[in-house]
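Colleague: By the count of numbering that gives the first Met the number 0, the sequence shown reaches residue 208 at its end, each step adding exactly one.
I should point out that these hints are in silico values taken from the structure, not numbers from a laboratory.
Remember, predicted model here, so these are calculated numbers, not experimental data.
Virtual Cβ for every residue (Gly too), placed ideally from N, Cα, C.
It is possible that part of the hints are untrue.
Label-pair distances were calculated between CB atoms; the ranges are [unchecked claim]:
1) L138 with A19: 21 to 27 Å
2) V119 with I72: 24 to 30 Å
3) G88 with R109: 15 to 21 Å
4) S23 with T142: 27 to 33 Å
5) D64 with I193: 41 to 47 Å
6) K177 with T76: 14 to 20 Å
7) A141 with G41: 23 to 29 Å
8) R57 with V190: 36 to 42 Å
9) S66 with S164: 19 to 25 Å
10) L187 with A116: 43 to 49 Å
11) A206 with L184: 38 to 44 Å
12) R52 with Y17: 42 to 48 Å
No more than 20 Å apart at the CA atoms, straight line, and that leaves these computed lysine to any residue pairs for SDA-like [unchecked claim]:
13) K176 with W22
14) K176 with L191
15) K28 with G38
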Amino acid sequence: MADWSRLYEHRKSVAARYPAGIWSVPIAKRYHTVLEPIGTRGTRVLEVGAGARGLRKRLSGAWGDVSYVSCDIDRSTPHDFHDIEDVTGVFDLVVGLEVIEHLSLESAMRLVERAHALLVDGGVIALTTPNTFYPPAYLRDATHVTPFCFDELGGVLLAGGFEVSAVYRLHHDALLKKALKRTLLYPLYRVLGIDFAHQIMVVGRKAAG
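With the hints as extra help, turn the sequences into a complete structure.
Modeller: Written as structure tokens, this is what we have:
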């Protein structure tokens with residue numbers, strides 16, 4: 000069971016890094032622009048909620064050979080594991096793209112704790128989730144269970160033993176739309192308390208030793 004008061008304190012510590020809230024969080028173009036500098040040839044990757052295993056192709060294109068293991072509860076696509084508790088081996092990077100919002104808070108905590116156990120010292124976890132400040136990203140999918148604000152997800156990583164090394168808003172659009180959203184329409188977004196970025200990404204690192 001989650002320690003609610005501890006999680007709340009962790010959430011506050013992440014939020015304190017971003018005094019203007021979501022608008023203080025830096026923007027990255029796509030998830031892979033964040034991941035690609037993290038690894039290199041031979042990096043051992045575990046993808047949780049791997050779906051069609053598209054991450055393997057993406058990272059192989061960037062790094063060359065990659066040691067990739069997939070885990071997904073969906074048995075309609077071949078995966079190495081169907082339950083993270085069954086995963087064996089050690090990894091340099093654990094990735095979960097748009098998966099943690101499909102879990103209860105307790106299950107999300109267990110996933111993060113299990114990822115921590117599977118990573119080498121200095122290993123990295125990277126999770127994306129719909130941006131709660133862009134409501135359609137979360138609300139349009141009936142299988143979503145838990146909305147994670149950027150500071151809440153960072154707090155979950157801290158509670159799971161990680162250091163939070165980075166938080167991003169993920170946003171890529173046509174040049175004109177991007178300019179409009181980030182300049183002319185920006186004051187309106189602030190007044191309404193919403194954001195234009197559809198996703199957030201939180202990156203954590205397992206401390207050495």
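Colleague: Determine for every hint whether it applies to the structure shown.
Modeller: Verification of the hints:
As the Cβ distance of L138 to A19 is approximately 24 Å, the hint placing it in 21 to 27 Å holds. At roughly 25 Å, the beta carbons of V119 and I72 sit within the given window of 24 to 30 Å. A hinted range of 15 to 21 Å for the beta carbons of G88 and R109 is consistent with their spacing of about 19 Å. Evaluation of the 27 to 33 Å hint for S23 and T142 yields a pass: the beta carbon distance comes to about 30 Å.
Distance hint check: the CB atoms of D64 and I193 are about 42 Å apart, consistent with the given range 41 to 47 Å. Between K177 and T76 the beta carbon distance is about 34 Å. The supplied range of 14 to 20 Å is therefore violated. Hint check: A141 to G41, Cβ distance near 40 Å, so the stated range 23 to 29 Å is violated. Take R57 and V190: their Cβ atoms lie about 37 Å apart, and the range 36 to 42 Å holds.
Between S66 and S164 the beta carbon distance is about 22 Å. The supplied range of 19 to 25 Å therefore holds. A hinted range of 43 to 49 Å holds for the C-beta pair L187 and A116, which are about 45 Å apart. Separated by about 40 Å at the C-beta atoms, A206 and L184 satisfy the suggested range of 38 to 44 Å. For R52 paired with Y17, a C-beta distance near 33 Å fails the hint of 42 to 48 Å.
Our distance criterion of 20 Å between C-alpha atoms is met by K176 and W22, whose separation comes to about 18 Å. Of the supplied pair hints, the one linking K176 and L191 holds, its CA atoms being roughly 19 Å apart against a limit of 20 Å. Of the pairs offered as hints, the one joining K28 and G38 holds, with about 18 Å between alpha carbons and a cut-off of 20 Å not exceeded.
Comparing the model with each earlier hint shows violations of hints 6, 7, 12; every other hint is respected.
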